[in-house]
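Peer 1: Quick mapping for you: the protein sequence lines, in order, are chains S and D.
The numbering of the first sequence is my numbering, which starts it at 221 and goes up by one.
The numbering of the second sequence is my numbering, which starts it at 221 and goes up by one.
Think of the hints as simulated: they come from the structure by calculation, not from any bench.
Using N, Cα and C, we set each Cβ at its ideal position, and we do this for glycine too.
Wrong hints could be hidden among the right ones.
[Claimed, not checked] Pair ranges (Cβ atoms, derived):
| no. | chain 1 | residue 1 | chain 2 | residue 2 | range |
| --- | --- | --- | --- | --- | --- |
| 1 | S | G251 | D | R479 | 39 to 45 Å |
| 2 | D | G478 | S | A415 | 33 to 39 Å |
| 3 | S | R479 | D | N318 | 43 to 49 Å |
| 4 | D | Y506 | S | R476 | 51 to 57 Å |
2 protein chains.
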Amino acid sequence: MKTEELRLEDLDPEWFIEEKVREISRTVGDGSAVNALSGGVDSSAVTMLAHRALGRRLRNYFIENGLMRDGEPERIISLFEGMGIKVELVRAEERFFNALKSIIDPEEKREAITRTFYGDVFGKIVRESGARFLLQGTNFTDIEETVAGIKRQHNVLEQLGIDTEERYGYRVIEPLVQLRKPAIRRVAKALGLPAEIYDRPPFPGPALATRIVGEVTPAKVQTVRAATKIVEEELTSVGAFQFLAVLHEDKVTGVRAGRRDYGQQIEVRCWDSADAKTASPTRLTYDILDRLAERITGEVPGVVSVTYNIAKKPPSTIEVV
Amino acid sequence: MKTEELRLEDLDPEWFIEEKVREISRTVGDGSAVNALSGGVDSSAVTMLAHRALGRRLRNYFIENGLMRDGEPERIISLFEGMGIKVELVRAEERFFNALKSIIDPEEKREAITRTFYGDVFGKIVRESGARFLLQGTNFTDIEETVAGIKRQHNVLEQLGIDTEERYGYRVIEPLVQLRKPAIRRVAKALGLPAEIYDRPPFPGPALATRIVGEVTPAKVQTVRAATKIVEEELTSVGAFQFLAVLHEDKVTGVRAGRRDYGQQIEVRCWDSADAKTASPTRLTYDILDRLAERITGEVPGVVSVTYNIAKKPPSTIEVV
Chain S
221 MKTEELRLED
231 LDPEWFIEEK
241 VREISRTVGD
251 GSAVNALSGG
261 VDSSAVTMLA
271 HRALGRRLRN
281 YFIENGLMRD
291 GEPERIISLF
301 EGMGIKVELV
311 RAEERFFNAL
321 KSIIDPEEKR
331 EAITRTFYGD
341 VFGKIVRESG
351 ARFLLQGTNF
361 TDIEETVAGI
371 KRQHNVLEQL
381 GIDTEERYGY
391 RVIEPLVQLR
401 KPAIRRVAKA
411 LGLPAEIYDR
421 PPFPGPALAT
431 RIVGEVTPAK
441 VQTVRAATKI
451 VEEELTSVGA
461 FQFLAVLHED
471 KVTGVRAGRR
481 DYGQQIEVRC
491 WDSADAKTAS
501 PTRLTYDILD
511 RLAERITGEV
521 PGVVSVTYNI
531 AKKPPSTIEV
541 V
Chain D
221 MKTEELRLED
231 LDPEWFIEEK
241 VREISRTVGD
251 GSAVNALSGG
261 VDSSAVTMLA
271 HRALGRRLRN
281 YFIENGLMRD
291 GEPERIISLF
301 EGMGIKVELV
311 RAEERFFNAL
321 KSIIDPEEKR
331 EAITRTFYGD
341 VFGKIVRESG
351 ARFLLQGTNF
361 TDIEETVAGI
371 KRQHNVLEQL
381 GIDTEERYGY
391 RVIEPLVQLR
401 KPAIRRVAKA
411 LGLPAEIYDR
421 PPFPGPALAT
431 RIVGEVTPAK
441 VQTVRAATKI
451 VEEELTSVGA
461 FQFLAVLHED
471 KVTGVRAGRR
481 DYGQQIEVRC
491 WDSADAKTAS
501 PTRLTYDILD
511 RLAERITGEV
521 PGVVSVTYNI
531 AKKPPSTIEV
541 V
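Could you put together the complete structure from these sequences and hints?
Peer 2: The structure is reproduced here in structure tokens:
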């Protein structure tokens, strides 16, 4: 089944919300569903839609995969609880790091995360809860890129011919699958989510694992998490489409206190884009670039060098992995 | 023996030239010497000094190590022949690539190049020529960085306690060892070298091997050579202290013709500096950065991503290896 895009100019958010709430109700019937909330705009919008449709028959989970940004689980859970929506935290760091051990290839990394998320973690949750449905925030660009073979999005399953019912024991409901990011932001706003969610820059499903070149280890996640925090602090006010820090595997020569320091390199990417299909590096001022480099080399242990990505998409891509 | 700096403000180029010509004559006596010309400002100045001192008792060699920039050997040899100085080309590509095989660590790379250059290549030349002296363009910054343990300069030997006479069979004469780059440029100009030499941006002794992260192979040299040519074409008019292209070992996700292209990344560095002790990234315009990225991803096969280094030295260094 080919999914058709519902364009921003054709979107009536109120109508869309009513329609999707109805669809979710109809699909789940008098059963129950589980929902994976990551805190991004997509999964947050889905959480609101499903909550409206199912109320207490919906159980929301936030999966702590060990790959999240600094303070993320606590922040998102308390934000939703403030709106009366209960979210359970599932600690699964070890399972993800075990699955990622020794993997270098980006696609294999994404595949390991998908397998752990849907099979290991959600398979267990769904089995134990008796639910037959998993809701998630797959969007139109995810599908397009996965089907085109550019980058495997961790949440795209059925479009690749994966029978989730057979493989994982549940069916997947994807209410946002016809929308690109700008349309989803409009729906999220209409759903009453705060600006810090509906305006939030995109963040990939496999989280900081997509920001690490080479094997993903807890130590490397710690490094890229610290750099990400700085990049987000410095670039949030710029108004770019997306911005991120990448930790490279390559080591480079540096110098500290007059002596050689063979260390790590962080790459900063900051994108202007409408829909992630094409993107250009944001023309950040050199004062901002200086400050990023100074803070990252000064505050993140082991990092001696910082670069800024200057290539457009295509032939570059927004994330490195 | 500790070398003392002769500062730019204390330099009288004419006096310095006379003094060094005299010293070289005295040291070599009625013997002969060989000279390693790389085409950089340092070795070019030494060639002129030694030529004045020794005339036909000096033999000049340009070592083709397979790591040079595009068209370099031909260009330098013909430039010096135009000034009446004969230079012999020694083809040693295979010896250098064999010595570099499987080496990842920057210091081991530099060490392999040093060994090949002084032991294998020049050891043989000196033995066959009967000369007892090798002239070379070591400068004050080379010594400082090597002695401090920041970066092993391939031409620093005696200051590290290496007895070249015992190890390689000749003594090393280093007329520029008290000068930093700006002083050497002034001497080079006073020696009658053309601006394309005395104003030439610094280029490291181990050549493009210092611009490759990971193992140095002929294929990688070809890639970084093509990127270097573009960087030099685009940045020569900027007036920066130094500019270069680095080929990374890390592969990154790209996209071409709508499909995934897992490819290579080039890092561009362009420095403002007076003496290479400290340096800041040049504030290139985004029009220049765009053009660099477009040309490199468009013209260099395999490259899908380009970055610009934004960290200062320290804690970064000018070269990556």
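Peer 1: A separate judgement is required for each hint: does it hold in the structure or not?
Peer 2: To see whether the hints hold, each was checked on the structure:
| no. | hint | in the structure |
| --- | --- | --- |
| 1 | S:G251 x D:R479: 39 to 45 Å | holds (40 Å) |
| 2 | D:G478 x S:A415: 33 to 39 Å | holds (34 Å) |
| 3 | S:R479 x D:N318: 43 to 49 Å | violated (32 Å) |
| 4 | D:Y506 x S:R476: 51 to 57 Å | violated (31 Å) |
Of the hints listed earlier, those the structure fails to meet are numbers 3 and 4, in rising order.
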